[in-house]
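Engineer: Based on the sequences and whatever the hints tell you, model everything.
Just so we're aligned: the sequence shown equals residues 1 to 277 in the UniProt record's numbering.
FYI, nobody ran anything at the bench for these hints, they're computed from the structure.
Please read all numbers here as calculations on a predicted model, not as lab measurements.
Some hints could be false.
Label-pair restraints from in silico Cβ distances [claimed, not checked]: (1) W266 to I206: 26 to 36 Å; (2) F264 to G217: 39 to 49 Å; (3) L91 to F189: 13 to 23 Å; (4) L7 to C90: 31 to 41 Å; (5) G205 to K52: 31 to 41 Å; (6) I16 to N160: 41 to 51 Å; (7) L55 to N18: 36 to 46 Å; (8) F189 to R17: 40 to 50 Å; (9) L6 to L91: 44 to 54 Å; (10) R15 to D181: 51 to 61 Å; (11) G205 to L25: 23 to 33 Å; (12) L13 to T57: 38 to 48 Å; (13) C232 to F105: 29 to 39 Å.
Glycine included, every Cβ here is placed at the ideal spot set by N, Cα and C.
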Amino acid sequence: MGISSLLTRARGLLRIRNRLVRECLAELLSTFVLIIITLSSAAQKITSFETKGNLVTSYLAGALAVMVGIYIAGGISGAHMNPAFSLAMCLTKQFPWWKFPIFVFVQTLASFLSAGVVYILYYGMGEQHWAREPHSGAGVARLMDMLCLCPPDAIWHYSNGTLTVSGPRETASIFATYPADYVSIANGFLDQVIGTGVLMVAVMGIMDTRNKPAPKGLEPVIVALLVLSIECSMGSNCGCPLNPARDIGPRLFTYLAGWGPEVFRWVEGRGRGGDSR
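Structural biologist: Next up, the structure:
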């Protein structure tokens, strides 16, 4: 009885009553889960030389991650997880404009943190750590080396200890998407406008109560299938990110973690093209 009352009191003390804070935390958690699953699937596929994953498993993981994220925060923040969706909600007057920059920041922050966790998970300590060899990258990368507590060192082993953006052993595409060699900047921009537009129109249709509604409770499953269908049909050009926060957060992390400014430049012959996730 004493323990029960203590837990009840602790729950009351820890309860967050501010609605905006609850929404931001829900958005942070849902986006974090979405991106960590998505990036981990890419890391497993790439660092295992596609022996423990392939394009299908990567797309499937990304779609299922969307479903999980919606189940986590759908009833609290709406589980936007995507600045493009937040913008669409603002344009249709279903979301206040003053919340838009706050949600974009939270979504980008969650993506950045997810990239850091995936780096720790798949970079690990490795021989470089045991030999106490200094990291050749930025200060953030050296800090991450010290924080790595996991034995796996897949990224280090795959890349031979070099964090590169191009070439046959590049690892930057684990975190951010890059266009295929044949895609121009203009066509890449158009690719993302069309893909994201299809996603927004379809999600709005699913959410519209005046339309034929989806079965209650199954909306996240239907959205996941929608994402999977877009990935399977529009993913070859640019890897199908469809989410500015999903790209800019991890890309900024790779810039700070040792991949350098090349992550913000288009480079021909990256070695992986649009099949990255």
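Engineer: For every hint, state whether the structure bears it out.
Structural biologist: To see whether the hints hold, each was checked on the structure:
1. W266 to I206: 26 to 36 Å: 34 Å, holds
2. F264 to G217: 39 to 49 Å: Given a distance of about 41 Å, which is inside 39 to 49 Å, the answer is holds.
3. L91 to F189: 13 to 23 Å: 19 Å, holds
4. L7 to C90: 31 to 41 Å: With a Cβ separation near 40 Å, L7 and C90 satisfy 31 to 41 Å, so the hint holds.
5. G205 to K52: 31 to 41 Å: The hinted range 31 to 41 Å holds for G205 and K52, with Cβ atoms some 36 Å apart.
6. I16 to N160: 41 to 51 Å: Holds, at about 46 Å.
7. L55 to N18: 36 to 46 Å: 43 Å, holds
8. F189 to R17: 40 to 50 Å: Hint holds: Cβ distance 43 Å, inside 40 to 50 Å.
9. L6 to L91: 44 to 54 Å: 48 Å, holds
10. R15 to D181: 51 to 61 Å: 53 Å, holds
11. G205 to L25: 23 to 33 Å: Distance hint for G205, L25 holds at roughly 29 Å.
12. L13 to T57: 38 to 48 Å: Given a distance of about 43 Å, which is inside 38 to 48 Å, the answer is holds.
13. C232 to F105: 29 to 39 Å: 31 Å, holds
Against the hints set out earlier in the document, no violation occurs for any number.
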